[in-house]
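Asker: Hints are included, so try docking the two chains, each in its own frame, into the full complex.
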Amino acid sequence: MIKDSDVIKSVLSGQTETFSELVERYENLVRMVCLGILKNIHHADDATQDTFITAYKNLGSLKNLDAFKSWLLKIAKNCSIEILKKQKHQVSLEQIEDIPAHNRNGQLDQDNAQLLNSIMKLPASQRDLITLRYFDGHSVDDAARITCRPVGSATSLLSRARKTLAKRLTSLRAE
Amino acid sequence: MTTENNIEQKLKKLSEFVNSTGSVKDSVMNRIKNEKPVIACKPRFEYLRRITMHKTIIKFAAAAVAIAAVIAGISIFEKTSSVGWAQVVEQLNCYTKYKCRQRVVREEGPQLPTMNIYHLNLSQRRQEVANGAIIQIFDMRGTDVIILQLHTAQKIGTLTKLIGAGPKEDPDIIDMVKQFEQKAVEKLGTKKQDGKTLYGFRHQPNVYNDFTVWVDEKTKLPVEIEIKHPKSEFGAGQTIFNDEFEFDFNLGPSAFSTDAPEGYKIETIVKDYRPVEPKEITAEDIRQGLNHTAYTVGKLPPIVKLCMIEILDPLGSREKMYVTGIVCNDGNIIILGQGNCYDLTKMVWIPKQQLVFETPNGIKLYGHPNGQIYAQRFLESFAKAKPDFFDIKNLSDERFTMMIVMQNGTVMSLSANKQMSDEKLREFAESLIEIKAN
Numbered sequence: 000m001i002k003d004s005d006v007i008k009s010v011l012s013g014q015t016e017t018f019s020e021l022v023e024r025y026e027n028l029v030r031m032v033c034l035g036i037l038k039n040i041h042h043a044d045d046a047t048q049d050t051f052i053t054a055y056k057n058l059g060s061l062k063n064l065d066a067f068k069s070w071l072l073k074i075a076k077n078c079s080i081e082i083l084k085k086q087k088h089q090v091s092l093e094q095i096e097d098i099p100a101h102n103r104n105g106q107l108d109q110d111n112a113q114l115l116n117s118i119m120k121l122p123a124s125q126r127d128l129i130t131l132r133y134f135d136g137h138s139v140d141d142a143a144r145i146t147c148r149p150v151g152s153a154t155s156l157l158s159r160a161r162k163t164l165a166k167r168l169t170s171l172r173a174e
Numbered sequence: 000m001t002t003e004n005n006i007e008q009k010l011k012k013l014s015e016f017v018n019s020t021g022s023v024k025d026s027v028m029n030r031i032k033n034e035k036p037v038i039a040c041k042p043r044f045e046y047l048r049r050i051t052m053h054k055t056i057i058k059f060a061a062a063a064v065a066i067a068a069v070i071a072g073i074s075i076f077e078k079t080s081s082v083g084w085a086q087v088v089e090q091l092n093c094y095t096k097y098k099c100r101q102r103v104v105r106e107e108g109p110q111l112p113t114m115n116i117y118h119l120n121l122s123q124r125r126q127e128v129a130n131g132a133i134i135q136i137f138d139m140r141g142t143d144v145i146i147l148q149l150h151t152a153q154k155i156g157t158l159t160k161l162i163g164a165g166p167k168e169d170p171d172i173i174d175m176v177k178q179f180e181q182k183a184v185e186k187l188g189t190k191k192q193d194g195k196t197l198y199g200f201r202h203q204p205n206v207y208n209d210f211t212v213w214v215d216e217k218t219k220l221p222v223e224i225e226i227k228h229p230k231s232e233f234g235a236g237q238t239i240f241n242d243e244f245e246f247d248f249n250l251g252p253s254a255f256s257t258d259a260p261e262g263y264k265i266e267t268i269v270k271d272y273r274p275v276e277p278k279e280i281t282a283e284d285i286r287q288g289l290n291h292t293a294y295t296v297g298k299l300p301p302i303v304k305l306c307m308i309e310i311l312d313p314l315g316s317r318e319k320m321y322v323t324g325i326v327c328n329d330g331n332i333i334i335l336g337q338g339n340c341y342d343l344t345k346m347v348w349i350p351k352q353q354l355v356f357e358t359p360n361g362i363k364l365y366g367h368p369n370g371q372i373y374a375q376r377f378l379e380s381f382a383k384a385k386p387d388f389f390d391i392k393n394l395s396d397e398r399f400t401m402m403i404v405m406q407n408g409t410v411m412s413l414s415a416n417k418q419m420s421d422e423k424l425r426e427f428a429e430s431l432i433e434i435k436a437n
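As given, the protein sequences belong to chains D and C, one line each in that order.
Heads up: the first sequence at position 98 corresponds to 97 in numbering that gives the first Met the number 0, and the numbers run straight through without jumps.
Heads up: the second sequence at position 28 corresponds to 27 in numbering that gives the first Met the number 0, and the numbers run straight through without jumps.
Everything labelled a hint here was simulated from the structure, so no lab data went into it.
Cβ coordinates follow ideal geometry from the N, Cα and C atoms, glycine included.
Be careful, since some hints might not be right.
A few chain C residues facing chain D, derived, Cβ under 7 Å [as the list claims (entries may be wrong)]:
#1 2
#2 3
#3 14
#4 20
#5 27
#6 28
#7 30
#8 33
#9 38
#10 100
#11 104
#12 239
#13 240
Which residues of chain D face chain C? A few of them, derived with a C-beta cut under 7 Å, are [to be verified]:
#14 22
#15 44
#16 111
#17 113
Chain C extracted, bound-state conformation (with noise of 0.2 Å):
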């Protein structure tokens, strides 16, 4: 564990790796030795204001020149930009196919590979991954998505088909860009790399998504973009730079098949992703349904009622979930979530929450990191199963979820929609009984 002492050596220890490059102030003033000296910035008009407006015919004049220059659509005062933002989409709008490379550079946590990305359209794609040692494909162009991974060096791959979660098209890069509005489009100026010269512009859509695209003078076509992500509450900072574009590539239909190649040897996996409609099922179906041992709620002097249903994980997983609600008679709502996803090997993060109770038999409570937002979910899709059992508009804010460890490692949800006094938080979690075959 980490001591207040222990940090006072570990600041010491960052502080010398910060330090051990010595000063820059002497780099820095000797640089700017060579700039230009600075001075604060004047309003834009001022010195024409001032040259102009000393004489009423000069006066006229120069707004005659104003005017002018507005119903001309040139600013006299800025530089004139070649490139707008309604050139460049219908310059993109000449192509469905484009290529580029995509790096994400992420503030925190493991960075991911560069990707060559070629899209042939927005539902199917090749990925090349760390100069061709894998390659993926997907095609969503049916019902049934199909992604192909291929390892090249060891000549062994996967194929997965995802059913019924087709047709679908993904939002590429391209076809954001297309789409925003020349109004909401900031003129950056301009640019030279490479001998081009490049205009800039950024979109700021909301605050979780910041463009800039850099376009080809003379193409109108883009060299680069680049997408900000801000830390927020969905995760950590990253940007994303894409470049190196090439618009109508050339590779031939076969480069985007997921027929697998010869010569390889391939793992195929399934998952349905059909729809699962909620339909209400008995213990017995929970028993035979989970892969490991089902529990359900004995008799508590607090149940009014008591229904089981099947749904589909709320929580995006697209596992089938087996959820008991219970009416208790202090008007309580509690849900408890049983699943194959639930599995304790997987979910470490379980351990490291708060524990709240052990009771004497082994039964561990623990706190869950977004109670709030898990109990809504699950609260919303019971109610939406059963609106006799639950209406959503008595969703309250106390609602919170733990997550049950029994003493033989099976892992349960416990949401609720008011609060419970560790005193029925304990009766709840010992009158949990195992459903056995009949």
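The following block holds chain D by itself, in its conformation from the complex (with noise of 0.2 Å):
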């Protein structure tokens, strides 16, 4: 796989059309990082693409690019919370105890949140393997490829964070 180091200097020469693998690459996980925030879809997907249209505005002034994920996750969680800010959302007192009822308006129910939150609070190698594989569509042939990583140490990882989410939403459920 290309290193997200060489897509960028092939976009600041000038190839605006290779940021899309940059899209393509982290689409998943920042709509992922703005779900976790926002609780709803449709919103997580204007954060993301305010997130890709920033750090595209601002890639040249990016210092270290092989920090590209980490900054553009930052800018991810910025874009969010600018998106919340600008909704007038008031929560009724009635709402505040209650367990948010999924509807069908793209609102995050109470189980895919606790369920997303504890996929962002894995170890980062741990995260990332749980994108490719079950947000990607990747096999885990090529989750391992793309990690740079054996493929018996990626099955056992992915089988460590299937654990540790399993724990995770026991332990919330029994709260």
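Answerer: Here's what the structure looks like:
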């Protein structure tokens, strides 16, 4: 897989279309970060788009090209908070204690919210593999190759991640 | 219980939700087409240096201009800001009262309602929640703190009186912001909002607080203040947004009165916050002080000294605690804590902890999620009250706390300075005897 830094250099040399490689690579991870804050898939999509546009506009100022991913996720968080600020959402007192019910308006239900929060709390190596395997649709072999790991190591990390998530969700349900 | 197999299904379900709206790639790339191509930034002064440094005479002229600019306090290479932090503080110092809207966005857990807060001064404020459905008035000027809460639709309320808790001043956001030192404040540039030019400032006093203040160019007063609290050992992260500022609002003194308005049914709650000096007590004092079964430690071979004292809960609940301290023959110190705040119906977290063991007669011992910290607090309180009993310098890294739940549901805390074997823990638990009336 081409490194982020090489893709960025290509974009900065004028080949704007290569930026789509970065969008494809990190779209789901960015959307998950935004969804974790905004709790609504449509708002998360808006924030995801804003994130990549902001990243593109400021790509020239990124000093450490190898730190693109962490820089991008910071932008994602800031874009999500900006969208939150613009929303005139007021929580009624009755809603404070209620568990938000799933609705068809793109709202994240409690089960998915707990799982999403738990995924975002995993160590980065496990989180990346979970995202590649379950959200980006890669096979375990491909996920191992993308993260530069032996397949055995990737399989083991995925299993550990699933166990951690299972334990976390069981503990959350017990509370 | 969620298993690894269940997790696979849940991940698939979440993935379907995350992917339900399709890729944003095309939208992003279409928007990027309308943007200028990006290039890597050159060092700031590169162009000017290359243009000006090729001839000696121009080099000296450039230096003279730069020196003059520094003397004038203006950066010739940066946009000049017309709002300095000192001007903001100067304006804020003209006002003692202000109103703002406050929203707290939490990264986890239930969200809080938006509030309009009217600050009369640091000791008096009025909070209106959910468009006035709930009103809270705080008066902390006197020795007793008074809090009046009204539910306007139902015409009911509570008047809480905290005896001895005042006088008190709560630091509020404008008070905090006024204290930022100019040298510690970072300029963020400008933005346009609602036809106004706003100047941004940022201050991060520590890792727990990150302030961003946007100030109106004309009034030099804040329009937005945002405080970020990143996730830490104190809990999940959150951001507090303050906006809709009004300096010198139109509310009279009656809006801050803690007298119950006419037509309201008010419940009064009184809590004693006066300091409690630790004092040595007897088993009978413990029995009388508790509203549930009281216990003492029976005679165990390891006990060298035993002492009972009454203290304020070292964990901050302001409740009285009755602690029995025991010096063991192996040098360990054990503290048995009892209090009316120890109520299993409220402490629902206890049965979720690890069950260390259950004795044959049904006494249960559970772990504690913050056992070391709690043990330290209890040991410090005891050492302060009875320095001859325990020297805090001997505080051990092995210290721990466990929760004892008796057969009848009575809860007690067991803290110790050093680790105890299972056998010793069982011996201790089984030695507990009820304190009966004389």
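Asker: Against the structure, test the hints numbered earlier, and report the numbers of the ones violated in rising order.
Answerer: 8, 10, 12 and 17
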